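Asks: Take a look at the letters that make up each chain.
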Amino acid sequence: MSDNRNNELIFNAIDAGSYKSAQALCSKQMKRYPNSSYYYALNNYILLLNGSKEEAIRNSKELMAKIPSDLSTLELLNLIFKKVGLYNESIEVYENACKKYSSLNLIQSWFDLSLKNFDILSLQKSSMALVQKGDNSTNGLKLWCSLNLLIASGLEKLTKNQKYLFPKLGLKMIEDCKPLKNSQEYYIYVSLLMKNGHFQQAADVIKEFLNQERDLELQLILLKSLNDAENWNELFDICDSFLNVHRIDDWNVWSNLIKAASNLGKLDQTLKIIDNFPIASRNRQLAYLELIKHNQQLDHLERYFESYLDIFGTKLCCFPDLKPFLLILESEKFMNILAKQISSRKIEEVLQMQRKPTDNDLILMVNYMKFKFYLHQDKLTNFEFLQENLTYYKATKYLLNVKEKTDYFAGDEFLLIGVQIIIALSKQDEISELFKCIVILEKAVERDVHEYHLRLWLVQLYSALNCYSLARLHYDSLKIKFIQQDTLSHYIFTRISSLQPSAGALKDLTKSQAVYDNSDFETSYFLQKTYEKQSFSKTNGFLEFGLRFSNSLAKYLNYYEMYKINKHNKQTNVNAILDKLRISYKLSKDSSQELQRSLDLDEKLSDNRDFKILWDCSILDSIEVVDKVIKIGPLQTCIYLRTMLSKEFLILGDEQQDNSQIYLQNIEQALKVNNNFTEVELWQLRVIRELAIFVLQNESSSLLKLESLINNFLNQFLSVDNATTLMTWRLNHNFINVYDTFKSIQSFQQVYKKQINKEANKKISDLNKKLIDKLRDNSVLIKAKRSEVTKDLKLTIKNWFLNNPKIDFEITESFIEGIFQSIKESSESSVGILRKL
Amino acid sequence: MTSIVPFQATDLFTLNAINLDSLTENFQVFFYLQYLSDWPSLFFKSESPILFNNELLTTPSGYMMGKNEGHSKEWHTHITAVTISPTYRRLGLASHLCNHLQKSTEEEEPYYTYFIDLFVRCNNKLAITLYEKLGYSIYRRVVGYYSSSSGNINYEIDKNKTNDDVDAFDMRKSLKRDVNHECVRENGEKFNVLPEEVRF
Chain A
1 MSDNRNNELI
11 FNAIDAGSYK
21 SAQALCSKQM
31 KRYPNSSYYY
41 ALNNYILLLN
51 GSKEEAIRNS
61 KELMAKIPSD
71 LSTLELLNLI
81 FKKVGLYNES
91 IEVYENACKK
101 YSSLNLIQSW
111 FDLSLKNFDI
121 LSLQKSSMAL
131 VQKGDNSTNG
141 LKLWCSLNLL
151 IASGLEKLTK
161 NQKYLFPKLG
171 LKMIEDCKPL
181 KNSQEYYIYV
191 SLLMKNGHFQ
201 QAADVIKEFL
211 NQERDLELQL
221 ILLKSLNDAE
231 NWNELFDICD
241 SFLNVHRIDD
251 WNVWSNLIKA
261 ASNLGKLDQT
271 LKIIDNFPIA
281 SRNRQLAYLE
291 LIKHNQQLDH
301 LERYFESYLD
311 IFGTKLCCFP
321 DLKPFLLILE
331 SEKFMNILAK
341 QISSRKIEEV
351 LQMQRKPTDN
361 DLILMVNYMK
371 FKFYLHQDKL
381 TNFEFLQENL
391 TYYKATKYLL
401 NVKEKTDYFA
411 GDEFLLIGVQ
421 IIIALSKQDE
431 ISELFKCIVI
441 LEKAVERDVH
451 EYHLRLWLVQ
461 LYSALNCYSL
471 ARLHYDSLKI
481 KFIQQDTLSH
491 YIFTRISSLQ
501 PSAGALKDLT
511 KSQAVYDNSD
521 FETSYFLQKT
531 YEKQSFSKTN
541 GFLEFGLRFS
551 NSLAKYLNYY
561 EMYKINKHNK
571 QTNVNAILDK
581 LRISYKLSKD
591 SSQELQRSLD
601 LDEKLSDNRD
611 FKILWDCSIL
621 DSIEVVDKVI
631 KIGPLQTCIY
641 LRTMLSKEFL
651 ILGDEQQDNS
661 QIYLQNIEQA
671 LKVNNNFTEV
681 ELWQLRVIRE
691 LAIFVLQNES
701 SSLLKLESLI
711 NNFLNQFLSV
721 DNATTLMTWR
731 LNHNFINVYD
741 TFKSIQSFQQ
751 VYKKQINKEA
761 NKKISDLNKK
771 LIDKLRDNSV
781 LIKAKRSEVT
791 KDLKLTIKNW
801 FLNNPKIDFE
811 ITESFIEGIF
821 QSIKESSESS
831 VGILRKL
Chain B
1 MTSIVPFQAT
11 DLFTLNAINL
21 DSLTENFQVF
31 FYLQYLSDWP
41 SLFFKSESPI
51 LFNNELLTTP
61 SGYMMGKNEG
71 HSKEWHTHIT
81 AVTISPTYRR
91 LGLASHLCNH
101 LQKSTEEEEP
111 YYTYFIDLFV
121 RCNNKLAITL
131 YEKLGYSIYR
141 RVVGYYSSSS
151 GNINYEIDKN
161 KTNDDVDAFD
171 MRKSLKRDVN
181 HECVRENGEK
191 FNVLPEEVRF
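Protein chains in written order, with UniProt numbering: chain A, 1 to 837; chain B, 1 to 200.
It is worth saying that the hints were derived from the structure and are not from the lab. Watch out, some of these pointers could steer you wrong.
[Stated by the list, open to error] Chain B side only, calculated, beta carbon under 8 angstroms to chain A, not exhaustive:
| id | residue |
| --- | --- |
| 1 | V5 |
| 2 | F30 |
| 3 | P110 |
Model, not experiment: these values are computed from the prediction. Each residue gets a CB set at the ideal place from its N, CA and C atoms; glycine is no exception.
Just chain A, with the same shape it has in the complex:
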């Protein structure tokens, strides 16, 4: 048999998870080629996959000490060390080989592999080796190397020595490349000057360059360098020149002008510059307010708000523009100014239906309501304010008939404020409030089909009401694709395995995850292009993007949901997903709950989810009391993922004893800070913890605790008497999690059967039987109980909409009937899953 065929057989066995068979085949090759380092490395890789981590590391270190030079061997050793978190060793493998053999081919392979892995330190080291060995007749390699030194010097994990050396080496390298030819080469140079603290020199170099050629990137670095140099005089003069000579009306310029002026005490002079700027642009109007922030002694404060509102009060940017400045003026004074605008535009006539509104009227009214809401937070629980918003909607909805289909109706904001009030006003019975919100927003989206905030809110509301198919309908209408699947898929897939563990949901998840399939390859391909095409100012962003996309928390949370659905549906072929989850488990180790934005992401998970977009309307703040009602449980963080994976790995029991203890510790740790989990998830974690302590630590009291957990809390999670549980996502979530606990206990008994004595095993089985019996008994009651609640609910909702003396919703009975019917069908389809448990 040829070696190629033998290698193929080994990898087939690895792919199939038959590690013993792979090892046997590899051993044969090792005997056949005793001097081949490759098969030794491959053998170590298989050992690692098979759980013999320590042996794999020991052998790999021994092999590394022999300094192999074969490319495939190096690649495997690099992979092994990376997988076990021995980052320095993974680099040393190449570093040592390159030092000893100094072959250009070897160094180039190291560089290419580093690009593929978005491995910044290796990029820095390999490009340094390339400079030493490669063709230096042009500056190409030196430029690459100086760029990599620049990027690497931003890493948090550098040693003190590296932090000191990298910027210095980089600067020396780029200075060797002089004369520099283009803006991208200058970008490296001035960035390295900045890294070395030579801020003024960087500014001088850029000024000279900008005399010859325009470049936005360098223009921005110029402002930053003068800021960092605290050269306020020059910063002031440059900004003045950008504004008045070059007419660059840019907020970065205005804000730097004011900052410099503030440091120089030149605020009066700056006021004149603003006054004399020939265009009454948005930036100029806001520059007055920015100036006031620095000098609150300025007279006529209100005048500047007035002059902004005169021009931009009828633009949607008005609210986000003014919101940061509201602290400098008393709320009442500001509202009076706004009220004057309302009065001068004769909005009262619109509200009295005496005339048709214009687009400008509408937007001014929207802004007015937003400011009112923002500045008087008590409006959130004020029924009259809800009425007022609905009156405004009614008075302006004529514009819905005359707008272009693809345009948005700004008046939808009145309804979005309205639904927040409705939810905030709800006390115990949030169900009817969710229904009311859906009726209102469904009517709105019927009239304004492309408004995506309405759709996103409907996705949330339907999900909260256990209506996956309806949530899906609105989600699909948003045509979310490609990168958006990473940032937005959490709106539909959060805790999906406990809500809709169906083949359909699995298919949706699989389709969504396809965005990650080629992403690493594509990003590294274009990352390489940034070197080849000298787009140096983009390289850092590509590396960060590659790492953030590759190590996305959303990606791994979705894989976890896929694993759980597969498990629920008794699919056994989950090895590929499990492998991915094992990667995420390692990455989750060092990830904090904070959004990660640094380049040190190669060992961390990155949270790229966009939670802001749902609140990118109304007052641009997430309102906690509302958020709590509409979201599907607490935020799933890295800690959530790590804990849930620890639980699953513990149940699988395919790891060493040491690992099991670590998994148990992770659960213990998470239970101490338990704000990541729903109540039933916490209960399940406690059940698994007690089982694990009983089995792994032989602690008999844990069995009693397990008994108490099952007896005391079961009724809580399987109750069918609480309408809120019965009609919302919590019903499926609780039942499916209890069922999952039942299956997990069974697996646990099976996996650890040697460690559980007969008597204890029987006791556990009896408890588990109690659990499944209760679950099945209560499942039978769900339909009738839901039917009772729905009947009352429908009456309440109809009455609220049709016989409300205070608000005329202009919603017909048949419309409400239609909504109820679709909710009934969708939620029954979700609840139907419970009957199959």
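Given chain A, put chain B in place with the hints provided.
Replies: Only chain B this time, still in chain A's reference frame:
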């Protein structure tokens, strides 16, 4: 408050308020990356500070994707996408982004192109008016441009059968280098071409 800043690959995570718009195209990731690596200074965004949950952030309010292509007198700048978030519309931001692109490409260094062009659906009257105000004029009608966007040549398109829903106007604006205005023409809307004739 608007600043124009260079687009970075990581900005792709922040475009939802712009790209959820039904008329804004969401491209595959590699497409954005290609523009960034090939034409780094022609891909930029406008951004505004916002106060969200008591934190001062910047949010992208629009972006421009451009490229340079063509040979000799066809050496030009092409606007691939220019789009604005709904919150920041009606402020002239699209014009601001177009003007910035023009300033970046018409000078001798580094690009010095003859003209800027873009494709716009023939039925998109609002956009056509905007571009005309910015000095663009119709150079030719590309028959069936939006029905052949897959990149494959559709041999069944008849150059004489026009349809505003699927045809595009190739609109051009002559730049300094085109001293004699040879890159633009009068009555361009009557000059029909097929999609394969507008590839560079």
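Asks: If a hint holds in the structure, say so; if it does not, say that too.
Replies: Each hint tested on the structure:
no.	hint	in the structure
1	V5	7 angstroms, holds
2	F30	4 angstroms, holds
3	P110	6 angstroms, holds
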